[in-house]
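What follows is each chain in one-letter form.
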Amino acid sequence: MLEIKNLHAGIGGKKILQGIDLKVNEGEVHAIMGPNGSGKSTLSQVLAGRETYEVTQGEILYQGKDLLDMAPEERAREGIFMAFQYPVEIPGVNNTYFLKAALNAIHKHRGEPELDAMDFLKLVRAKLKVMEMDESLINRSVNEGFSGGEKKRNEIFHMAVLDPKLAILDETDSGLDIDALKSVAKGVNTLRSPDRAMIVITHYQRLLNYIIPDFVHVLSGGKIVKSGGKELALDLEAKGYGWLEEPVTAGR
Amino acid sequence: MIETIQETDNYISSFAKFEKSRASNEHAWLRELRRTALDSFQRLGFPTTHDEEWRFTSVAPITRVPFDLAPDGAAPSAAELESFRFGSWSGIQLVFVNGIYSAKLSSRTERPNGLFAGSLSEALGKHSDLLQAHLGRYASSSEEAFAALNTAFASDGAFVYLPKGCVIEQPIHLLFLSSAEKSESRVCHPRILVLAEENSQAQILESYASLGQGVYFTNAVTELVAGENAFIDHYKLQRESLETFHVSTIQAQLGRSANISTQSISLGAALVRNHVNAVLAGEGGEATLNGFYLVNGRQHVDNHTSIDHAKPHCNSHELYKGILDGKARGVFNGRIIVRPDAQKTDSKQTNKNLILSEEALVNTNPQLEIYADDVKCTHGATIGQLDADSIFYLRSRGIDHESARHLLTYAFAGDFIHRLKIEPLRVALETSLFARLAEGQEER
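Respectively, the protein sequence lines represent chains G and X.
The working numbering applies: residue 1 is where the first sequence begins, and numbers increase by one.
The working numbering applies: residue 253 is where the second sequence begins, and numbers increase by one.
Rather than coming from a laboratory, the hints here were simulated on the basis of the structure.
Keep in mind it's a predicted model, so treat the numbers as computed, not measured.
From the three backbone atoms N, C-alpha and C, an ideal C-beta is built for every residue, glycine too.
Among the clues, some could well be false.
Taking CB as the label site, the calculated pair distances span [stated by the list, open to error]:
hint : chain 1 : residue 1 : chain 2 : residue 2 : range
1    : G       : GLY12     : X       : ASN617    : 33 to 39 Å
2    : G       : LYS226    : X       : SER684    : 58 to 64 Å
3    : G       : ASN209    : X       : LYS673    : 49 to 55 Å
4    : G       : ASN25     : X       : SER684    : 33 to 39 Å
Isolated chain X, as found in the complex (with noise of 0.2 Å):
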């Protein structure tokens, strides 16, 4: 218990810095929000392992950690850049450095159709009833620490703002960059909402990378806001350093009618907690939940979803699939929840693990609470090897070994791939694999 205390303090003196570095005009709401979920952050607590939802991951490697809570940070080389940008990124692209927009490094020229696309704190004087209106009202701060924790020290981040009808055609890239140098330890909170209102259309990327070679703690939040009818095509590509701790939460909510999709894509750092949570509040809305997670050596990484089916004649889907080298550790729990006004919900999950090691190692759990009686709910679950007599048909017909091990685990991967809908995601994430298939290769 004692250490608990301490753990917390860190966080709460550097939040009365915090707060008092924080400009005298600022909203009071904002100060409110702040304050409550710091309440709300020293209340909970960080989860240890005797609690249910935490009993696979343990938080203790980023709670013995006194990050510093510092915006300033070294800017990416041109390089560096180039390669986070995925080359040529053809719409909106909003580049953060240790959570602080950059406007040097962003390229917004297009604002069609009164679209907003720009940083939180920008936001705050455009647009502060939206914010107040929208802003912290979905990812509870009342229950979980990080995504409290988060609210707390929520000062800029991305805002996207669809008007009524807003259709726009080129994903926009929220690219943030950890910085931090080799004797350094850094926590930055990430903070995004996405507001898409009634009729309105876009496809949103986040990504996180690493510079530098310094112990780094990412703790998002972003929240997804669907009106009526409106579409949301989310993806999240997390590819920072194994120096890095990364927690996050993914908060979508759908009115009626509306679509979120939310694809989020584990490479890097050594602990990933993700939560990603969607609730169905409107009749006939449909929730896309995937993931894939792609680990190697120790690296530890949690995906906790939750699908809240709140409203008649809505659909869910879920596929989370994971490849698992080494000593990796995959955790995965699908909650499904069908409250009893949800009548004709269409609910369906899957947890697919390929693991290439004799160490790694994966927890899966599906999680159904179902409250009304006429439901199409499935899920299922594998945790596998590559197979044999597979690999043993396609070395009959003369491709070697290694190759035909390489063939499968892409074949595995492929049907995840296929689905990404932004071309340079695709491409960086088949790099990736081919990338860390070499590598496997050279370890055996």
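Just chain G, same shape as in the assembly (with noise of 0.2 Å):
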């Protein structure tokens, strides 16, 4: 489904990654974890189309087609979809009304029909209920005034509404206490699907404690130093990032 190969990136002139190399299949989850300033967030980005970086070498494919090459809507409406891992406030923009338009922009791309008001209320009843969340948070202005907590779940309601091919989940644990971590992860777990593919970044085991991953991969210095099963999250817990750090070398 997703073939990156020896992509480098960047922002303003600062190189970030470093050559990454990493498939993802249909039902695969990833992690991909790392200690602060490694380059996830930075390879999240460049995923969801963020154009304030820049590709310098490599490729992605995402279904055989170029990602590199669409812009942001299109990318979601091939079926990525990210978690931000600070979702932005917007007042004015009421959180249902803005769902239904990306849901239906999304339609329209594969050719489906649209939902109309009643259609999208009962889909978006259904989700919330799921989600176990309240019918209050999406008639305010999307995630204005919203707690951590509830930024975060209101991304994985998105997803869940959306219902993405492939999801990018950048930080959702960071800064949740472990009830709205639980929550969240929950919601995740009810999402996975045989032709679903994910990619959990993440900076703590934690998280994989709740939604557990396929594969563990560990960035450092704006590579993988190491990919392995679930059980490499474990060692990462108990060693640190330190044992696998790439050593610093001159230049970078």
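Join the two chains into one complex using the hints; note that each chain is given alone, in its own frame.
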């Protein structure tokens, strides 16, 4: 589904990713872990199409197509979803209105019929129930005045409604207390399916107690320095990142 | 200096003609009022950018045109009238063409509870004592050249009188049409007085629109007077042609526990200068001064507001929001005076500007003068572009770039638009905003 080949990218002339290779298939959940500054956020932003990041080398194929050639909205319409580390507050834009516009843009792109207000409301209510979310959240402006936990749950709620093929969760666990973390993880787990892939980016092993990955990759110095199964996360928890970090080379 | 004399000359000579044309049986007090105002205008002259209050707005484009004071004008077509009248309007509508009341175009069937809503010239017969007591008593002709000029030429306009306890449910629409043909340049001085006595209440919409392609100068003065516990909910919609210069003064006077809200919307005209002033002259009064401007091209819009807290326990709220595209220029000056006697004042002022282009420009200036010690006054101003993070967030959910910009622009305007309590006005503003957004899209 997704194939990243020798990806080099940076921002403002600063090189951050130094040759990433990663292959993700349908139904797989990949965790990408790493210390601060290892390039985790850069990777997620490049996948979502953030224009401030420059890709200097390498390629990304998504369902056989050149992902880097697509605008952010095209990627979304092709089935990529990113749950943001810091979801933005957008005063004046109603959560439901926005989500309906987004879903219908995706449907239109796929040649599927657009949902009317009634059908959309039915869908939203069903997803809210699954996410165990209060209906009042969706009638407010996007993320405005939401707590940290509410923002992250709102991201997962968006994901549930938009039904992506590939979901990227960018540090969805950071800043959450254990109850909020469990509830977000529960929401994510209900969305796991054989035809949906997920990339879970996190700094802490803690999240992976609740979202069990199929693969764990350790990112350090802009490269994947180790890959393994779910037990790798436990090693990291015990030993920290120090034993894996790339020696700092001159010229970096 | 020589130039200034020439600029005012045109108005002085047309005043002589205007005065002669008035009926000889006109009230002496009115003649006196005009005469005094003309003297003030002559003494003041037009302001220049050397005046602190006019630093960012040059009126040279207005003063160099020799405008004709021409009361006649082509009547609007049925279709034009329909759109300016917001399709269907359930309340009283008074229509003025070049400042002159048109009974034919107006509809004023209901007159409940002693309400008077009609032309100033008619009121001069029926309510001359009220007019003598109030007309020109609030808007300053001694300090403001444009207000003085309006008063000097005051002849027709609107008078709304709400006697004690009179509550009008349906909004009253005062429609001012500026009519000038392509080769013409005309001036008009619309005058409005709203007098709301104790415990009365009304909603009033003033709107300004253009007929024809001529050059036009609208110089309007509105006085809003609210007696004890009276409520005036006032709106002004300015959507004149780009050949128009629009200068206006809205002067609100609030008695004890009175409440005046005035919302000023500027969409049209090449050059706009609005003075919106409120005087909280009785205890427990509440003034709301909101404004919205949506400008493009080379439009220049200047809102100068002033709230005078003269008595204790008064509240004032102020929210001005602007969206500027092209090479448009915006000016906001918000003055708040809290007099020594005005303890427990609660005042909040906000000016927010959204810049959609590289070349649009805004000057914003809060001016707080506080002479009392137990007060709460806050102010804030922002000038910014659409937030790149928000645009990316919307796009990453599947919404295209242009739609994301529109959604965020609409969201910016939303908290002003939602405050408009007159539905046809709200719809008209939304329609203008969507049309403007679509134009912007074509240009980009």
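Against the earlier hints, flag every one the structure doesn't satisfy and list their numbers going up.
4
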